[in-house]
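Chains as they are written, first to last, in my numbering: chain A, 1 to 713; chain B, 1 to 351.
These are computed hints drawn from the structure, not numbers from a lab. Where is the CB? At the ideal position from N, CA and C, for every residue including glycine. It cannot be assumed that every hint is accurate.
[Claimed, not checked] Which chain A residues face chain B? A few, computed with CB under 8 Å, are given here:
{"no.": "1", "residue": "Gln347"}
{"no.": "2", "residue": "Asp357"}
{"no.": "3", "residue": "Ile368"}
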Amino acid sequence: MMRARVTLLLLIFAVGTGVSTSEAQEIILDRQVRAGELTLFPSVRDPNKYYYVADKARLATHDNGDPQFSFLRYIQANVSSDAENDEGSGGGIVHALVELGVTDEQLDDARNDLRRLNGSGQIIGPVPFKSGTFALISAFAEAGSEFTDQVLGVGNAPVLENEKAAVSLSLTEQGAKVLWESFNTATPDISFSFNMEIDGYRAPKRALIEANFDRIYEHQNFAAGIATPVLQAEISAAFDDMRSEGAIKVTQTGEDEKMEALVQTAYNRLTELMFDKSESSGMDLGALASSANNTPSMLDKASTLLASNRAETRTENDAIRARNEAIDNREATAAQSNSQLEETRAQVEAAEAGAEDIENRAESMRAIADRYESQAEQEQDTARAAELRQLATRFREQAGRYDNMAVERHRDANTRRGELDEQAATAAQAESLAENAGEREEVQDLPSLAIVASYRMKRVRQRGSFTVDLNKYTIDTLALRFDENIGDMTRYLNDEEVFYTVDITSNAFSQRELPVYIDGLNVQDFGQYINFVTVLMSKQHENGNTSSDEVRIDRNNFQESANNFKLSYRKVNDTDQDKFLDYQYRVLWNFFGGAEVDVDWVDSSRSGIPLNPPYQRRSVFLEATPQGLSDASIKSIEFKLYYQLGDREQVKRLSLRPGNNEGISQQLEFMLPESEYEYVYEIDWRMQDNSRVSTGRIESEDGTIYLDEVTEV
Amino acid sequence: MQCINKTLLLPAALLIIALKATSQTTPETDPDCSQCVFSDEEAAHIVSTFDDQVELSRLISEAEAPVRAYVEDSVRSTEMGSARSVRDFAVWYSYRVAERNAAELTRQQLGTIVGSGLSLGLDLLLPGAGVVERTIRTYANRAYQGILSQTAANVDDPAEYLQQVATRMEDTNDRLTNFMHDMFHPSTSTEDGQALGEQMEGVKFSYVLEREGQRARNDAGYRTPEPGPETRGLLDQLGVRRAGSENFDRVHFESLTQLIRGVLCAEINESSTAPSVSNCEGEPRHWSTIARATAMRIITTTPAEQLVSTSQLRNMVELTDPEQLRQVCNVQSELMFMWRSPDCQAWSRAN
């Protein structure tokens, strides 16, 4: 079968505002290979070029070797608080910079190993991460209880340059307490669990994804609607239900595909269409830790799901181990039988070889004896002839001795040989049982990432049916999970750059620092969408004076400070402790092309300021099958997408010229205000006869546009 | 003497001997050669050397001393390996009793285990039915039984008892001297005695012929009285292994395995809760493998010096050295998973 190929002649133009589009990394996600300790993905353009995943996470360090990690904890001594989620009464903020990289040694090992797999293979560079989420998990035991895995925070992990990710999160009072106590134990079990996403293509598969959106939206997991964030695990569970009920169908016509991968592709695509990545972040404690309508909070749900998923995985792993052990046992029996058989065979062979050796010696002796006798025959001197005959007799006697020794060896060989048939039958039976015992399975890593990413249902509902033919290179996202155990940080417990406790009820608490973090943006978003963000802070003191502070965040200092900014104000005759915590802040977003969004002053007493951009990332899939393009006689396609950023219209334009048997699968990203999904697109088809067909400008909220459905408007 | 492909040897040798070839060829000497035979040149030389059978008799008679020394060293090496196995076994046994809070076996049981364990070890080392092997086995078994019966009388502590057994085993001189005399001058009144005498005569004859070959070639081997590779090969076929670390280690391992196996089997037999399928009669290979793995663990982790304390054993419960793990766990790979040690279970999962 001739496989469809990806549209490689994709031309991307940025016009009008100068905005560029993002393009999927041109790697084949489902043809990954393991070389040394690294995971490599081949290029879709050149099968000999590979990109590696920088999946070895470790805390970044300052020049002096100290970790780029800080844990700021707020306490209120001698004050009991029922308001657990009221940050003003306690809590904490954790910030960490994590390097996602590999060592030169690991890279060298991978290169060597790759040569074994593909003699012409070359490692070109790392696969860039598109985005990421994280969870901070602590295995913590409350007094008198077993250790439990507790999710202390979840959030986005902004991707910086040089394969670094900065994570920040606010902790509830309880979360801060758990984390603080965890760090004070001798062997703390605290880890960041990352779920980093990479874009790429799935290789063509003879499979079709079909979904009925109307039925999917009816699932109980989605009943809470757009107001409530849902975890990725909840979405997957709902999709599993819908697949069993037929609302989601993954049909494969070939026999060589792994259904699990097909299903994952289907789920990824449906998730992209139905949900936005939740704006709730590690710093948005209100959304994470609070609950409404007696529903569990995000952190509670995350902890419960984590515990349940891990229990499930542990149970499954136990079952896998039991199955592996059964296979192992059969192999052990076979090995035992074979080893016995080989031992006996070796004994037989050794005895026979020995017998043959000794028989040869006997023959040599006889030959010498013959020689003496021959000489005796020719000897004239009778005394000398008698001497020679006696010598011949001596050698013949030696030959006889050798014969007897050889007989002994033959007897040994025969004795052992008698045991061989039975041993061979036993070994064959054991071997057959071992061969039919099945394949050994890998135990699964304990899940954590699957539950970390949280989503919010799009306000725009997808309707009707949805179909994607996977028989072409299809754009997809792969989530890669890796963990970083923070390990023993006890030596930094007295280092105020790392661990710092602030008693906000103390008179010594004279200056308040407010960490500021941008949420949900990567360093690449600066320059593509955002020029800079300015945050103003104003503090009205009891005496009527006002203190202010300001920070301007752009691409350079976002990277340099690892998304870790601070504003501060001092105590100036402020006696009311509660009022001292109150302040105001204002955010000005300056977008690429000059558009600005000025968010009005916000009253707050929170210990950190999370900055959620007023514009959210949106995406639309462009799909066409090779057959569809061929049937419609399409030669090339010009696609334009118009959207509003501030008060300016932005345009993204794709020029697509698919070749024979090539399909189209692209994802275009753009930005829209938080509550808006509407965009405008225009398709111009150039047909094989050079005629042109245009849709004109069409308003849409659809998640997928089929480019092989030619419709003139 | 040359190392020659055996299948080509005989016709070639006969042919060349028949033609009385006298051409000089460069002899190849290979100390490890166990498949050596007379070359045409040497055969011709032997024929021309032994003009006088009296001279041949003299040389054969003189061959006894070096051949006897070689056999004596071999048997001594076997006894030393066995003694070392008893010493290691003593430490292992003490450790097992202490660690598992196991009921101590009676000294009589221990004596039986040591006796039968060493005997089984000898059976594995000398598995053949030949008269030389049988003679050595019989001698060694008698010697061990004698030592056990002498030692049992006055020692109460099992560990001390075992150490004394080992010490007595190491003191081999008198026993061996008498045995060697009997081996080279057996009574001809029995069939076995005649056969043994004949085989020893055959070995001496082989020694003389090889020496003459060495002398003819001006081979360096002629400068030492030790039997050359051909005679050593013949002795090996008869069950006399060359003395040295290889033989010592082999005896040490096989004997220690059997001693450990003896304790395991005794414990199972004593235990009323042991499942009926899990006994040494029903699953001999299984229990031997467990014992082999244990012996391997002891020997690979204390290769240079003998095991002297139970604390050493405590340290080897969880091996960390990858090569040691590989060796021990490879042996355990013949065991059902549940029977493997925790470190080898983890190793199996990882490999």
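Hint check results:
no.: 1; hint: Gln347; in the structure: holds, 7 Å
no.: 2; hint: Asp357; in the structure: holds, 6 Å
no.: 3; hint: Ile368; in the structure: holds, 6 Å
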